[in-house]
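Asker: My numbering applies: residue 12 is where the sequence shown begins, and numbers increase by one.
Please note: incorrect hints may appear among the correct ones.
[To be verified] Computed list of lysine-lysine pairs in DSS-like fashion (alpha-carbon distance at most 27 Å, straight line):
| # | residue 1 | residue 2 |
| --- | --- | --- |
| 1 | 142 | 81 |
| 2 | 81 | 191 |
| 3 | 133 | 189 |
| 4 | 272 | 317 |
| 5 | 141 | 189 |
| 6 | 133 | 244 |
| 7 | 81 | 168 |
| 8 | 304 | 81 |
| 9 | 81 | 105 |
| 10 | 128 | 99 |
| 11 | 304 | 80 |
| 12 | 80 | 63 |
| 13 | 312 | 272 |
| 14 | 99 | 342 |
| 15 | 60 | 280 |
| 16 | 288 | 60 |
| 17 | 304 | 317 |
| 18 | 304 | 60 |
| 19 | 62 | 272 |
| 20 | 141 | 105 |
| 21 | 62 | 292 |
| 22 | 40 | 318 |
| 23 | 80 | 233 |
| 24 | 168 | 99 |
| 25 | 317 | 338 |
| 26 | 292 | 67 |
[What the hints assert, rightly or not] Label-pair distances were calculated between CB atoms; the ranges are:
| # | residue 1 | residue 2 | range |
| --- | --- | --- | --- |
| 27 | 56 | 163 | 29 to 35 Å |
| 28 | 243 | 338 | 41 to 47 Å |
| 29 | 38 | 341 | 32 to 38 Å |
| 30 | 163 | 110 | 49 to 55 Å |
To be clear, the hints were calculated from the coordinates, so they are not data collected in a lab. Where is the CB? At the ideal position from N, CA and C, for every residue including glycine.
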Amino acid sequence: MFKQSKLVSALAVAGVALFAQAAHADIVKIDGSSTVYPITEAVAEEFQKAKKNAIKVTVGISGTGGGFKKFCRDELDLTGASRPITAKEMADCKAAGVDYIEMPVAYDALTVVINPKNTFLKQVTVEEMKKLWEPAAQGTITKWNQVNPAWPDAPVKLFGAGADSGTFEYFTEAMVGKAKSSRGDYTASEDDNVLVQGVSRDVNAIGYFGYAYYAENTARLKALPIVNPKTGKAVEPSGANVENGSYAPLSRPIFVYVKAKSLQKPEVKEFVEFYMKNADKLVREVKYVPLPKAAYEGNIKHANDKKVGTVFGGKNEIGITVEEILKREAKM
């Protein structure tokens, strides 16, 4: 009886030890943008495979703004962002003693989508999008023919990013002329899959989100060409049109921000290096536009050199090119 009791005690101690070991496993904590999520999730899966699951990577989706809130509270190692860090977020991070390295990881064609059964929408102008989405439209612009008389007398069903989303901020600034300036009577979500489902189920629906979510659902959605304000030509979202600059004004850089202090942890440093060395391939896989090799090499160099801060000064910039970002990052 005594021997059995000793064995049970030994097993219990071993179980506690294993639980404690699991609880203290190396973990890389990431949250933030739903737009950046497909890239980071793909990187996390490949990294964990390469490490034989010795390092755990958790990737959440709370939107760019939600991610920065957690990041600036010192709760994360990395956060994904579909727009640059704002002045307020910079101040919040500074107050909490959180220094960060800004790393552009890809270019996105923010995509406006409609239901495939929609036969009247062939293209849309920035002016029409503004009329549809501006705050003054709330409760008043409820039918398609109120935006354009050539369109039918049918109800408009709107789906878009939530207020914590960087996509919401970029879209409103690009289409309405002011960040976060939007009508509120639409279905909003930080989860882009909710928006995909909403538009795919309603012939009168229109919505917007990152290109990767459209690319995964081309059988259920139709991308709406945007008339370039400078050329007057309607341009579809695509990698080629992002690279040649014709898909404007909805082409944008997307980022990860890495906490400088976290880079002292070997698991985070390894993950960041793996991210940048494999970004080109994985960015392509999830249908975004990769940056030049020099950008990813520059990100690793900035991490090693502890070059903290942002090249955007707390402001979003509509229509900034890959070349301009690289120039700024090089001077940082």
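Asker: For the pair supplied as a hint, residue 141 and residue 105, confirm whether the alpha-carbon distance does not exceed 27 Å.
Answerer: Since the Cα atoms of residue 141 and residue 105 sit roughly 35 Å apart, the hinted pair is violated (cutoff 27 Å).
Asker: Determine whether the Cβ-Cβ distance between residue 243 and residue 338 falls within the hinted range of 41 to 47 Å.
Answerer: violated, 29 Å
Asker: Run the distance test for residue 288 versus residue 60: straight-line Cα separation, threshold 27 Å.
Answerer: holds, 15 Å
Asker: Is it true that the CA of residue 81 sits at most 27 Å from the CA of residue 105?
Answerer: holds, 13 Å
Asker: Decide if the proposed pair is consistent with the structure: residue 292 and residue 67, CA atoms, cutoff 27 Å inclusive.
Answerer: holds, 22 Å
Asker: Is residue 40 within 27 Å of residue 318, Cα to Cα?
Answerer: Judged against 27 Å, a Cα distance of about 21 Å means the pair holds.
Asker: Are the Cα positions of residue 304 and residue 80 separated by 27 Å at most?
Answerer: violated, 30 Å
Asker: Assess, step by step, whether the Cα of residue 141 is no farther than 27 Å from the Cα of residue 189, and give holds or violated.
Answerer: holds, 10 Å
Asker: Are the Cα positions of residue 99 and residue 342 separated by 27 Å at most?
Answerer: Holds, because 24 Å separates the two Cα atoms, which is no more than 27 Å.
Asker: Within a Cα-Cα threshold of 27 Å, do residue 81 and residue 168 meet the stated pairing?
Answerer: violated, 32 Å
Asker: Straight-line Cα separation of residue 60 and residue 280 no greater than 27 Å?
Answerer: holds, 17 Å
Asker: Next pair to validate is residue 80 with residue 63; report whether the Cα-Cα distance is within 27 Å.
Answerer: violated, 32 Å
Of the numbered hints stated above, those contradicted by the structure are hints 1, 7, 8, 10, 11, 12, 20, 23, 24, 27, 28, listed in ascending order.
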